[in-house]
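2 protein chains.
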Amino acid sequence: MELEEFRRRGKELIDWIADYWQRIEEFPVLARAAPGELRAALPAAPPEEPEPFAAVMADVERLILPGITHWQSPGFFAYFPANVSPPSVLGELLAAGLGVQGMLWATSPACTELETHVLDWLVGLLGLPERFLSTGAGGGVIQDTASSATLCALLAARARAGGPAPDLVVYGSDQAHSSLAKAARIAGFAAERLRLLPAGAGGRLEPAALAAALAADRAAGLRPCFLGATVGTTSSHAVDPVRELGHLAREHGVWLHVDAAHAGTAALCEEFRWLHDGLELADSYCFNPHKWMFTNFDCDCFWVADREPLLAALSILPEYLRNPATESGAVIDYRDWQVPLGRRFRALKLWFVLRCFGARGLRAAVRRHVALAREFAGWVREDPAWELAAEPPLNLVCFRHRGGDERNQRILEAVNTAGRVFLTHTRLDDRFTLRLSVGQTHTERRHVELAWRELRAAAAVVG
Amino acid sequence: MELEEFRRRGKELIDWIADYWQRIEEFPVLARAAPGELRAALPAAPPEEPEPFAAVMADVERLILPGITHWQSPGFFAYFPANVSPPSVLGELLAAGLGVQGMLWATSPACTELETHVLDWLVGLLGLPERFLSTGAGGGVIQDTASSATLCALLAARARAGGPAPDLVVYGSDQAHSSLAKAARIAGFAAERLRLLPAGAGGRLEPAALAAALAADRAAGLRPCFLGATVGTTSSHAVDPVRELGHLAREHGVWLHVDAAHAGTAALCEEFRWLHDGLELADSYCFNPHKWMFTNFDCDCFWVADREPLLAALSILPEYLRNPATESGAVIDYRDWQVPLGRRFRALKLWFVLRCFGARGLRAAVRRHVALAREFAGWVREDPAWELAAEPPLNLVCFRHRGGDERNQRILEAVNTAGRVFLTHTRLDDRFTLRLSVGQTHTERRHVELAWRELRAAAAVVG
Chain Z
1 MELEEFRRRG KELIDWIADY WQRIEEFPVL ARAAPGELRA ALPAAPPEEP
51 EPFAAVMADV ERLILPGITH WQSPGFFAYF PANVSPPSVL GELLAAGLGV
101 QGMLWATSPA CTELETHVLD WLVGLLGLPE RFLSTGAGGG VIQDTASSAT
151 LCALLAARAR AGGPAPDLVV YGSDQAHSSL AKAARIAGFA AERLRLLPAG
201 AGGRLEPAAL AAALAADRAA GLRPCFLGAT VGTTSSHAVD PVRELGHLAR
251 EHGVWLHVDA AHAGTAALCE EFRWLHDGLE LADSYCFNPH KWMFTNFDCD
301 CFWVADREPL LAALSILPEY LRNPATESGA VIDYRDWQVP LGRRFRALKL
351 WFVLRCFGAR GLRAAVRRHV ALAREFAGWV REDPAWELAA EPPLNLVCFR
401 HRGGDERNQR ILEAVNTAGR VFLTHTRLDD RFTLRLSVGQ THTERRHVEL
451 AWRELRAAAA VVG
Chain C
1 MELEEFRRRG KELIDWIADY WQRIEEFPVL ARAAPGELRA ALPAAPPEEP
51 EPFAAVMADV ERLILPGITH WQSPGFFAYF PANVSPPSVL GELLAAGLGV
101 QGMLWATSPA CTELETHVLD WLVGLLGLPE RFLSTGAGGG VIQDTASSAT
151 LCALLAARAR AGGPAPDLVV YGSDQAHSSL AKAARIAGFA AERLRLLPAG
201 AGGRLEPAAL AAALAADRAA GLRPCFLGAT VGTTSSHAVD PVRELGHLAR
251 EHGVWLHVDA AHAGTAALCE EFRWLHDGLE LADSYCFNPH KWMFTNFDCD
301 CFWVADREPL LAALSILPEY LRNPATESGA VIDYRDWQVP LGRRFRALKL
351 WFVLRCFGAR GLRAAVRRHV ALAREFAGWV REDPAWELAA EPPLNLVCFR
401 HRGGDERNQR ILEAVNTAGR VFLTHTRLDD RFTLRLSVGQ THTERRHVEL
451 AWRELRAAAA VVG
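Quick note, the sequences are listed as chains Z and C, same order.
Under this note's numbering, the first residue of the first sequence carries the number 1, and numbering increases by one thereafter.
Under this note's numbering, the first residue of the second sequence carries the number 1, and numbering increases by one thereafter.
Calculated directly from the structure, the hints in this document are not laboratory data.
Hints may contain errors.
In this list, chains with the same sequence are indistinguishable; a pair is considered to hold if it fits within one copy or across any two.
[Said to hold, decoys possible] The calculated lysine to any residue pairs, modelled on SDA-like cross-linking and capped at a C-alpha distance of 20 Å, are: (1) K11 x Q22; (2) K11 x R368; (3) K11 x E270; (4) K11 x A54; (5) K11 x A161; (6) K11 x G127; (7) K11 x E51.
Just so we're clear, the structure is a prediction, and the values are computed from it rather than from any experiment.
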């Protein structure tokens, strides 16, 4: 494709995307494709000769769109969102066009420095502890996901503890994200060295339960190493008591990592800063702008209070990467802060979002989502056929029909099959529980009303 | 940013990118920024109020561009390339606009099925063994980088061996990519369980050296677990003898992973298929379209011959991800094939590249790069002041001035400071060695000639 055609096709694609966002409510939110349907429609081999771009876009329209679950639909209430916004998409486009690979400071100083700078900005914007600032012993880095942040935190903790050893123990609650167990498994911790303690009231990790586990492990001659606490669990948005857990972690020399992948964005607003109470006791922290902060996937922001153990865990410098800037010690080489070597210029989209929304614009969007979720919770509370499974602290509502597990399961299937909205479920108190997660960029009151109408209608139909 | 402004700004950005590519030779390839320069020019806090997009783009031009090392410059001969192309950038843009997150088949069937399909296409296109096809016991997946592919392969190998154990041993050559040592460290292998065997003639891992190490470890009561072989090492493009290594691996029940991150692309052409001789003995394989196949970073293609050990290593299914399609067993959920949970729609850009170039277009580009590298090697060979450090099998030339390490180091600095081209170095036979890696999308004969002129001029000047 020549440059002039890139200009033409690129502009058409910009319009196609804008049109897609405009017509997105015409599509069923959850894709209706059957397994294998797309593959059956694709040729068995790639073309030998170049094809015109228009033919490719025709196939996007004809073959790809029917297989899309529309995460950008305002009727998307499933999981946690992965919301995008125009400035973020433009930031991703610019990153692709520049095509720099920022493994080292030297391989694009702006890629590294903008990232460090924007992560320092976020420390102030979210009211995070100053020890996460890059100007001290700590600093921030963009990871692909919170899963990778948890893994890197665990590796840093293990390095601080002197390296891999069979007596090191990892802690979290049974409500912690599955990435905690996955990280421990990847890092080679034996299954019997992972304590997923049963969460207490409201899905929170009880300090007493942790204290007991720490004491028992110490008594058994084991070494507590890492605690993964959660601010806003995936199931129910439960917030672990970080301050009390942090004191226990300090006492036992345990690395405290706080995962606020989805909920962390709320700290943009003063009134939600309670979420981070005690965070100054944490060794590391992450949240995902790619969930609720209008920055397209992938973008997880990860901070450490002390970067040395992280570098000890992840630095390797082969000859072919040596360069004067690295040897000077005056720069950050982010390849030493992550699992992969290469990295793209993800700070651009985050910078675009922060500047084009402004802090005020981001706060307004967060408040709008939380208000909508609370309004929905009110409707549930007032309807005798339904109940809240938990009080929603932010923008996730966990609720159920009083008709039992099977009824709720059938309601969910009916609503998702109808396709005007898409919700997912979890289990709370061992009961099938519906989740309404309000965080899509363009979700308005009418979409939340629609969800409630659809749910009640389905409850009537599935009987 | 409203939709109409997105249309306008998006089209301007498309033009900005096309203009950037057109004027890219005006910039010094290696950024001249000093450490801290960009950060000093940025405000200390993010804006409270939204800023106009034009202000952001003005800062891109004024602040970001001087801090860019121009990976897309045709004068970029450093490391290995990370080349982009118009269809690939458009594919990335479309992925950002659709904004789907493909952790499960159900969260966008097209995201999963297009990926599986395109990776099956590539098996045919590159002449890879049929056991990597998804239609059998194996299959392919897109990882961010070859580092992650190596880590996943190692985790699968460990799972096949029964899980983490202190007697498992990892093998490779001392020319293997640093990600092999990093993967072993992440997975918790002790340093004394990693054998980076001294490479033999031409940087290749000698089967005899491996056989001796395997025998010694067996005799010591250890269990050989994983062998990381390389097709095209980073230093010198050395190709390990995969067939002989594969027979040894089979004999000892060792998982053979073959990393062809950069060189793998050459197998598009029949005449370079010798690279993959013996690959049918491998348990896993990867190459990076984001290096030499015109697909912007990140895009690593990773295949396994048997997906079961990989799934055993990486599957965890929490309640909130359960869904009918997963339970049916009829679909692939790629979250179980990688470290992170979330994933974006990276198959789109690869599909766009394959269709818009066509197999013929890709082969022509590869042949052009290899021919240019060979021509450059010829010039080096004919100049008595210079020498080849190794015969270039493909598009990487390793060479040096006969004036010794310090002279070569000064030549490199002078050339890179001048900024018309950018090269990096390695050490071969314990001597400082220059590398010319020809793989940038728009590199023509005149750029390779320029590099040679610059090198000879620098050699004269630095004395």
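* Asked: What are the numbers of the hints the structure violates, in ascending order?
  -> Result: hints 2, 3, 5, 6 break, sorted rising.
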